[in-house]
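Student: Following the hints, position chain V against chain B.
What follows is each chain in one-letter form.
2 protein chains.
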Amino acid sequence: MTQWVYIEDVADHVGEKIEIRGWMFNKRSSGKIHFLQLRDGTGFIQAIVEKSSVDEEIFQIAASLRIESSVMIEGIIREDKRSPYGYEMDVKNIEVVQIPIEDYPISKKDHGVDFLMTNRHLWLRSKKQFHILLTRNEIIRAVREFYNLKKFVLVDTPILTGSIGECSGEVFDIEYFDLGKAYLAQTGQLYLEAAAMALGKVFNLGPTFRAEKSKTRRHLTEFWMNEAEMAYYSSDDNMEFQEELVSYVVKKVLERASDHLMAIDRDLKPLEKVKAPFPRMSYDEAIKLLQKKDFDIKWGDDIGGDEETGISEEFDKPVMVYNYPRNIKAFYMQPDPSNPEVVLCNDMLAPEGYGEIIGASQRIHDPDLLVERIKEFNLPVESYDWYIDLRKHGTVPHSGFGMGIERLVAWICKLDHIREAIPFARTIYRIHP
Amino acid sequence: MTQWVYIEDVADHVGEKIEIRGWMFNKRSSGKIHFLQLRDGTGFIQAIVEKSSVDEEIFQIAASLRIESSVMIEGIIREDKRSPYGYEMDVKNIEVVQIPIEDYPISKKDHGVDFLMTNRHLWLRSKKQFHILLTRNEIIRAVREFYNLKKFVLVDTPILTGSIGECSGEVFDIEYFDLGKAYLAQTGQLYLEAAAMALGKVFNLGPTFRAEKSKTRRHLTEFWMNEAEMAYYSSDDNMEFQEELVSYVVKKVLERASDHLMAIDRDLKPLEKVKAPFPRMSYDEAIKLLQKKDFDIKWGDDIGGDEETGISEEFDKPVMVYNYPRNIKAFYMQPDPSNPEVVLCNDMLAPEGYGEIIGASQRIHDPDLLVERIKEFNLPVESYDWYIDLRKHGTVPHSGFGMGIERLVAWICKLDHIREAIPFARTIYRIHP
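Protein chains in written order, with this note's numbering: chain B, 128 to 560; chain V, 128 to 560.
Read the hints as simulated data drawn from the structure, not as lab findings.
From a predicted model like this one, the values you see are computed outputs, not experimental measurements.
Don't take every hint at face value.
Since copy identity is lost for identical chains, a pair holds within one copy or between any two.
Stated by the list, open to error - Only pairs whose alpha carbons sit at most 25 Å apart, straight line, appear in this in silico BS3-like list of lysine-lysine: (1) K378 with K402; (2) K456 with K519; (3) K379 with K278; (4) K208 with K219; (5) K378 with K278; (6) K255 with K379; (7) K379 with K277; (8) K277 with K378; (9) K340 with K308; (10) K519 with K235; (11) K308 with K502.
Extracted from the complex, chain B is given alone in its bound form (with noise of 0.2 Å):
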């Protein structure tokens, strides 16, 4: 039997005859030869089909083949430099497992993305989002093995949960048994702070969901996101932290996935100069910034997302900005002893105008101040009985941040919309395929 070889790995078969199985994407012919181009999912080769070398009948079948039909594919590789992927296979034997039934939907020519998104399912195949996943495993990939080698403990935490995280933004609820209401989780943060409290330094990568009727490139209702807690980690350590993290997985995904990033026209230049230390600047400066690029802000005012662009646009790399007015931020950020009006926190801009990537601040420790400030924002109290009960048995100053992964994605990847940066995104208007 004839050896079942992936794409990928036909470097290691020059000269040898082997099976390839995949799916034929797209197809040349003349009267004497058919040029069909393969893939498998791990790459893309060319095979050829001449007249003169095989059976009528194998010719025939090559004739035949349309876009997408999957076939299992005997022949010979050869190294062959004018070609794009390197190496062809010489073929000498077809195996037709389908000839589709329906003709492909997805063409060469200019789809809506309304089309494509609801044809998710098979606009996956296509170059530029298999470079795209390709892109995204090697980024989660860093990620966590950046973790590993800092040693932090991976605690996932509940999706499903009574008490709500940042109460920002709409939440999703479902009907939980007998308990009554339950939400879909915005943010493990609390959750981490206690495991933090158990283990140190901990993370989590999980789905988070944002019932946010946002229309933005950047929004999706269901997202990605890396977490970390540190105890023991104050604003600036937390900060050193996100500097060395970006580096590290933007270095990685240069090494492993570069390939990837020039075959969607991804200039790596700019992701090449993405190193720590990364330049920091206060709230304060942000804002005299941006007045003196005209935008309408004033001190006290967030920073949303074209300002972001603006601020972010200054700078060939990712961008600090901290310490915002405590009015603008959550509950619980820690306030800063040298000017209470402001916490100590920090938004992480990626560059080339992507804004936001992560979000961080050191959380108050003080058990008083944290229900002082709990009340300030007209939350609940008795919700967050336990995240107070944190504070109680050996509270310590700790800092933390979360990572949109699909943000990260689309910077990295450069991509127009988040929505190419998940399997599959959700929006508010889709929850289909």
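Tutor: Chain V in isolation, oriented as in the chain B frame:
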């Protein structure tokens, strides 16, 4: 400034003065000496405060420390073969972060499960939970590592879905904007099948939801599951892959977490036997075995938890039971060509009575047969439009499986109940903390 060192790294600092930042979880005292048991989330160490070698103030501080006090302690590291931790610290200085403002509720005496689960945010600090969570961390790391080695692509499947996977058991639903009901995914399998046609070999690892009213020691309403899907894999290929995966994970856990397993008195010998190949037994053979063991079961019945225990206790490795009757398995499973009354599938049962950890099958790839089975199971064909679509555009034989992470953790750690295998368990009676 004295260097902050994690307890796991003290071996590199013997003879040096360092600082440990953590919590005091226990204390023994005499008139002249305090033995402080410290933890910092990375390990445990005894810090010794001798009246004769510190200022009186420091000695008094040590005297005042209560369980779970948070402290930053300076001292000199010394190797001590008599100590269970191998090293001790001779204390020079103590900075108290907080002496708990309430008595720590978890003592050494036996608490009821409900009390411990209500205090899960603190219970995580207990030694057994520490060791379980660190083992869980290594288990998940090894699972992901194996997929990377095998060049699988991570495809995170959506939690919010329109169509429903298995339709078995009950599902949680939410109102999704103007689109009606959405469901929390019971499986990502259907999405992975789409992705396998694009990327060949894919996997996910994420939270999964079952609104079943099961109250067994094997059930959670929210649990983590790893699923994989492989294009062009037969049911036999699938079983071989599962064997390799589970063998790899157990091997890596033994390499990296055996200290944690031994600390919770897990006998390592049974785990050391977990090496591929695993015994295989057809459903027919399993029924005969159970009948011989006096179970009240006949051909066509499902194999429940007690029966799984009955089978798995016959083997000292995981056992794979294959080819169940079609009527007790899901609609999408491929019939056995040699006997259409059974389907090409397998469950993997963990030894030592733990039962099912994997459910697997070859999937139907013929579009007509798939539609026929959907109707036979009284499922709405229109909900499966895109899933059927996959069979029209280059369908291929393919196989996959789902592995319950907490069941894997419970078995490897030999836990009595699955609720300790996840940081914050969700059961039908518990959504808090």
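Student: State whether the alpha carbon distance between K308 and K502 is at most 25 Å within one copy, between copies, both, or neither.
Tutor: within (22 Å within a copy, 34 Å between copies)
Student: As a check of your reading, is K379 near K278 (CA-CA no more than 25 Å) within one copy, between copies, both or neither?
Tutor: Both: 18 Å inside a copy, 16 Å across copies.
Student: Go through the copies and call it for K378 and K402: within, between, both or neither, with a Cα cutoff of 25 Å.
Tutor: Only inside one copy: K378 and K402 sit 8 Å apart there, 36 Å across copies, limit 25 Å.
Student: Treating 25 Å as the Cα threshold, decide for K378 and K278: within, between, both or neither.
Tutor: both (19 Å within a copy, 20 Å between copies)
Student: Within, between, both or neither: how does the pair K456, K519 come out at a Cα-Cα threshold of 25 Å?
Tutor: within (24 Å within a copy, 51 Å between copies)
Student: Tell me, please, which holds for K519 and K235 at an alpha-carbon limit of 25 Å: within, between, both or neither?
Tutor: between (62 Å within a copy, 19 Å between copies)
Student: Between copies, within a copy, both or neither: which fits K277 and K378 at Cα up to 25 Å?
Tutor: Both ways: K277 and K378 sit 16 Å apart in one copy and 22 Å across, limit 25 Å.
Student: For K340 vs K308, is the C-alpha pair at or below 25 Å within one copy, between two copies, both, or neither?
Tutor: Both, since 21 Å and 17 Å are each at most 25 Å.
Student: When Cα atoms must be at most 25 Å apart, do K379 and K277 count as within-copy, between-copy, both, or neither?
Tutor: Both ways: K379 and K277 sit 16 Å apart in one copy and 19 Å across, limit 25 Å.
Student: Can you give me the call for K255 and K379, within, between, both or neither, at a CA distance of at most 25 Å?
Tutor: Intra 20 Å, inter 35 Å, cutoff 25 Å: intra-copy only.
Student: With identical chains, the pair K208 and K219 could be close in the same copy or across copies; at 25 Å between alpha carbons, which is it: within, between, both, or neither?
Tutor: Close inside one copy (22 Å), not across copies (69 Å); limit 25 Å.
Every hint from the earlier list agrees with this structure, and none is contradicted.
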